[in-house]
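A.B. asks: Using the sequences plus the hints, can you model the full thing?
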Amino acid sequence: MASSSLGNKAQKIAPHACLVMGQIITASYIVLSKVILVQGISSSVFLVYQFILATVFIATLSFIFERRKRPPLTKQILGWIFLLALIGVTLAQSMLAGALYFTSSTVESSVLNMIPAITYILSLISRQEKLEIHTSWGKGKIFGTLMSVSGALTLMLWHGSGAQVMSTSMGNYLVGLVMVVVGVVAFSTWILMLEPVTKRYPAELSMTAIMFFFATLQTSVIAAILSHKASKWQLKWDLELLNIFIGGALNSGLANFFVAICARLKGPVFVSSFSPLGPVVCYHLGVHLSWPSVECWKHCRINHDSGGPLHLSVVEVQGRSAPIDQRSRFDHHFSHIRSFPRPGTSWKCVV
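In terms of full-length UniProt numbering, the sequence shown opens at residue 1 and continues consecutively.
Hints are computed from structural coordinates only; laboratory data are not their basis.
Bear in mind that the values here come from a model prediction, so they are computed numbers and not experimental data.
Don't take each hint at face value.
As the list claims (entries may be wrong) - Pairs of lysine-lysine residues, derived as DSS-like cross-links and limited to a Cα-Cα distance of at most 25 angstroms, are as follows: (1) K12 <-> K139; (2) K69 <-> K199; (3) K266 <-> K199; (4) K69 <-> K12; (5) K130 <-> K12; (6) K199 <-> K12; (7) K266 <-> K69; (8) K266 <-> K9; (9) K12 <-> K266; (10) K75 <-> K199; (11) K139 <-> K266; (12) K266 <-> K130; (13) K199 <-> K9; (14) K130 <-> K199.
C.D. replies: Structure, rendered in structure tokens:
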């Protein structure tokens, strides 16, 4: 009796735990992607390698767990999976990855707060949800929608000095915001499409593997057009491989599998309601990482050595400092700064 009650509690908690874990994975991926992309790697090439790994990883899991209970795959289901790959993987992730060239990872993850609002609005339009104004649950959804939109708009429009120390021009910043919004709309549409597709084809691992196989083909075409030079496809044995693993096996593979199965069990609005957790995780990851290339430093301090080169040092990050010479490969982050504060003064930077 006790074991059955524990099993029921575990089944109730499992969707929440899976989506929380998915948000932690996604936030880690966004912070690391910002570090990788500013070093010059093509975002389309990066996504191709990521989707290849996701396809292999999820296909292996589907072979182990679903080979005996996999339903027949019809042409109609295959067409729907192709659309899922095009909208929710190729388009959404290409926009979100490309936007990191123009805006910070904190701003991007904060704009992702609009996912619950857009998903709820689209679900009302598609009649997957009903507008229940007279119930407390319905009022809560409307209030949450307004709060998520207002919070995202505040960060999108706020361009103060404390938030844009390392920013590029206003034009590039707006380009990044537009790309994030397009990615968010595509991702919200993908969440809505997941529920009917997973009900017709309830083998989430197999569906996810096929979806990323299609996404690999689609993104490879884009990468071949945008990055046709062989040098663009070379990987370095550093954070690039780590982030490809996190992005492929964990973010694209495991996290998307969690979203697919929870969309079938709980619905698209429930899945999207966990998106506001991402910016919180992203910020706390940023301020505690100590890599010198990360743009999520808590404080930056300028120190002038007598007769020597300019050095930057990270303070209050795990109790250590990371000096960087001005002539290092990360100098382009600060190339737009024309005047520096007095030695010893500090400013705040964002992820």
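A.B. asks: Going through the numbered hints above, which ones does this structure break? Give me the numbers in ascending order.
C.D. replies: none
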